[in-house]
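K.L.:
Protein chains in written order, with the numbering used here: chain G, 1 to 277; chain H, 1001 to 1159; chain C, 2001 to 2169.
No lab work stands behind these hints, which were simulated from the structure alone. Small disclaimer: the values here were computed from a predicted structure and weren't measured. Incorrect hints may have been included.
[As the list claims (entries may be wrong)] Pulled a few chain G residues facing chain C out of the computed Cβ check, cut under 8 angstroms:
1. V25
2. A26
3. L29
4. R155
5. V272
6. V274
[What the hints assert, rightly or not] Derived CB-CB ranges, DEER-like:
7. C:S2122 x G:E54: 38 to 44 angstroms
8. G:D118 x H:G1095: 46 to 52 angstroms
9. H:K1066 x G:R262: 51 to 57 angstroms
10. H:A1079 x G:D118: 38 to 44 angstroms
11. C:R2032 x H:P1054: 16 to 22 angstroms
12. C:N2094 x G:A132: 23 to 29 angstroms
13. G:E54 x H:G1085: 36 to 42 angstroms
14. H:R1091 x G:A132: 30 to 36 angstroms
15. G:R245 x H:G1084: 25 to 31 angstroms
16. G:R245 x H:Q1031: 56 to 62 angstroms
17. G:Y226 x C:P2152: 49 to 55 angstroms
18. C:A2064 x G:R243: 47 to 53 angstroms
19. G:T96 x C:P2152: 35 to 41 angstroms
20. G:G212 x H:G1084: 22 to 28 angstroms
C-beta: ideal position from N, C-alpha, C; glycine also.
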Amino acid sequence: MTRARLLLLLALGAPVPAMAQGVIVAPHLVHVDHRLRSGQLILLNPGTRPVEVEVSTIFGYPGTDSAGRVVLVTEPEPGPDRPSAAGWIQAYPRRTTVPPGERQVVRLLARPPVALPDGEYWTRIVVAAREAPAPPAPADSAVEGVKIGLTLEVRTIIALIYRKGSVTGGVTASGLSARVRGDSLDFGVELARAGTGAWLGMLRAELRDSAGTVRARDSSQVAVYYPMAPRYRLPVAGLSPGRYRLRLVLDGERDDVPPETRLPHPAVRDSVEVMIP
Amino acid sequence: MSRPALAVLVSACLLAAAGRAEAQGRPLRLQGLQPLNFGDVLAGVPLHARRTDPARSGQFELRGTKDQDLMLQFALPDAMSGPGGASLRLRFDAGDAGYSATESITIQQAVDPRSPFTVRLPTNGKARLFLGGTVEPTADQRGGDYTATVTLTVAYLGV
Amino acid sequence: MRKFYLLALAALALPAAASAQSASGSIQARARVLGAITVSPVTTLDFGDFLSAGATKTVAPTDATSGEFAVAGDPGAQLLLTFDFPATLDNGLNQITLGASAWNVNVGATRAGSASLIAGGSDGANANSFLSAGGSLGVFVGGEATAAAGLPAGVYTGTVGLTAAYTGL
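Pulled out of the complex, with its shape left as it was, chain G reads as follows (with noise of 0.2 angstroms):
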């Protein structure tokens, strides 16, 4: 193998200096009025390079796959009966290159169709973002013709919901169900929307033993749009074999959906005995 060969191999895989070419995209929901048609996007460039940013919409929604994980459900082409803003929705600039440093808002406008019935509408905002090509090296360069040909792009993907009138919230529980698997609470709940709108909110799960007395705690934000039946996870080594009762409430205090947003709805509980061998 020939030096020039191994130094382009070597070239290939260099690990880049420690950077951030991504771009820091705020807010990651967006809620959109009827009313006033627009929401916007912060993008941050961190970095010490220029960022190209392309933004795009795909209509889709969390769910979760037979396992009980999360995942993101995706409808390139959504059917009629899907409440799907993303054919509508327009990000201006849809591409463009943030300076480092620099930050870039880029509008979001939003063009329903006529006659839109009230409710609550949905897409994704895809964030993708690559560094800026380097300019080509001058033909007289001391530097020899080998340069790194691997690219790295980053992708975010944040939600975007659109309201026209009066939407309602709420979120229903039902099939809670506990098994201990080793040293873990599996568990498991059926969620479903008991509103017109999507449930943003907080899963708080605890397990408490025959005293009332909390051994394990934790909680998940979770997103409702369409049924799902989520599992979950509470470390339970070292808790003595006995009866227990796992405790689920399902509320929309969360910080990071802003309070004027949220859809107002009590608190919804459920709990199971469970037996800890």
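With the hints as your guide, set chains H and C onto chain G.
P.N.:
Relative to the frame of chain G, chains H and C by itself:
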């Protein structure tokens, strides 16, 4: 003394008193016009609002007796309060305040808001003060709305 | 009546109200902290030096030469991480083959302390993970590359992609 004569005397004295009050200066009036509005802030990313930013800068309107020297002092918070008792660091630097005798945001005399300072009211007795600052959210800054109160006190000098 | 005169004159001699000589006013300072998410490539995956044609090099996620992404956002937020892995690095018709089901991904604060997220993954592999209490997550990528015999010099290109989606919103 007859009652009419008494009435004349009292009226003359009241008028003299009013004149004396006028000679001591128009009452100072200080009014907050616009909040210091940092707008949307990203966790972990400091944001500086310039005193020359029409949308972001805090603004006060000042009215008083023309050509009078005034002492002004800000009471500046070092943090803003937010959801669940969260605190957002707030900082003011030497050039973060400005005094404009023309009430124009583009024509300001820079002043240090961290210390008392003196200015002279112009011939029309009107002025404006502008305030900028910097918020310093931590990387895990809790999301939500944060507020704080900035107070400005002004007094005539020499009286 | 004389007492009245004296009282009236005394009242007129009082100085003007002290409040006319000073004043104060207040404004609010306001800010809204937005939830944000950042996904940044930190280092590329380095397969190092191919000493002989036809050799296969493997990089583990915990190796110093593994690829690294940094994710930052709301503390404790759940993400779905989806990876686009190239099958080859290309230079025209010439290729360096990358292991199709040999991609391994770890997550954690550091390479050494990271735990397996995806083992033997291929293009499109995805998994859930959580941002730490401090709102950060390191993602470390390892893989396998084979340089065929007689590989000519040139620029070999490929793209590795990471998509991070909040699943709690």
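K.L.:
Hint by hint, note whether the structure agrees.
P.N.:
Verification of the supplied hints:
With its C-beta approaching chain C no nearer than about 5 angstroms, V25 of chain G sits inside the 8 angstroms limit, and its interface hint holds. For A26 of chain G, the interface hint holds, since its Cβ comes within 8 angstroms of a Cβ in chain C; the closest pair sits about 4 angstroms apart. Against a cut-off of 8 angstroms between C-beta atoms, the interface hint on L29 of chain G holds, since the closest Cβ of chain C lies about 5 angstroms away. A cut of 8 angstroms between beta carbons decides the hint on R155 of chain G: the least distance to chain C is about 4 angstroms, and the hint holds.
The beta carbon of V272 of chain G is not positioned within 8 angstroms of any beta carbon in chain C (closest approach about 23 angstroms), and the interface hint is therefore violated. Taking 8 angstroms as the C-beta contact cut-off toward chain C, the hint placing V274 of chain G at the interface is violated, the least distance being around 24 angstroms. Distance hint check for S2122 of chain C and E54 of chain G: the Cβ-Cβ separation is about 25 angstroms, which falls outside the suggested range of 38 to 44 angstroms. Between D118 of chain G and G1095 of chain H the Cβ separation comes to about 51 angstroms, which falls inside the hinted range of 46 to 52 angstroms.
Under the hint 51 to 57 angstroms, the C-beta atoms of K1066 of chain H and R262 of chain G, about 53 angstroms apart, fit the expected range. Distance hint for A1079 of chain H and D118 of chain G: a CB-CB separation of about 42 angstroms, consistent with the stated range 38 to 44 angstroms. Under the hint 16 to 22 angstroms, the C-beta atoms of R2032 of chain C and P1054 of chain H, about 19 angstroms apart, fit the expected range. For N2094 of chain C and A132 of chain G, the hinted distance range of 23 to 29 angstroms is satisfied, since their beta carbons lie about 27 angstroms from each other.
Between E54 of chain G and G1085 of chain H, the C-beta spacing of about 40 angstroms keeps the proposed range 36 to 42 angstroms intact. Taking 30 to 36 angstroms as the suggested C-beta distance range, the pair R1091 of chain H and A132 of chain G conforms, at roughly 33 angstroms. Remark: the range hint 25 to 31 angstroms for R245 of chain G to G1084 of chain H is upheld by a beta-carbon distance near 28 angstroms. Against the hinted window of 56 to 62 angstroms, the Cβ-Cβ separation of R245 of chain G and Q1031 of chain H comes to about 59 angstroms, which satisfies the hint.
The hinted window of 49 to 55 angstroms between Y226 of chain G and P2152 of chain C holds, with their beta carbons roughly 52 angstroms apart. Here the CB-CB span from A2064 of chain C to R243 of chain G is close to 50 angstroms, well matched to the stated 47 to 53 angstroms. Distance hint for T96 of chain G and P2152 of chain C: a CB-CB separation of about 38 angstroms, consistent with the stated range 35 to 41 angstroms. Under the hint 22 to 28 angstroms, the C-beta atoms of G212 of chain G and G1084 of chain H, about 26 angstroms apart, fit the expected range.
Comparing the model with each earlier hint shows violations of hints 5, 6 and 7; every other hint is respected.
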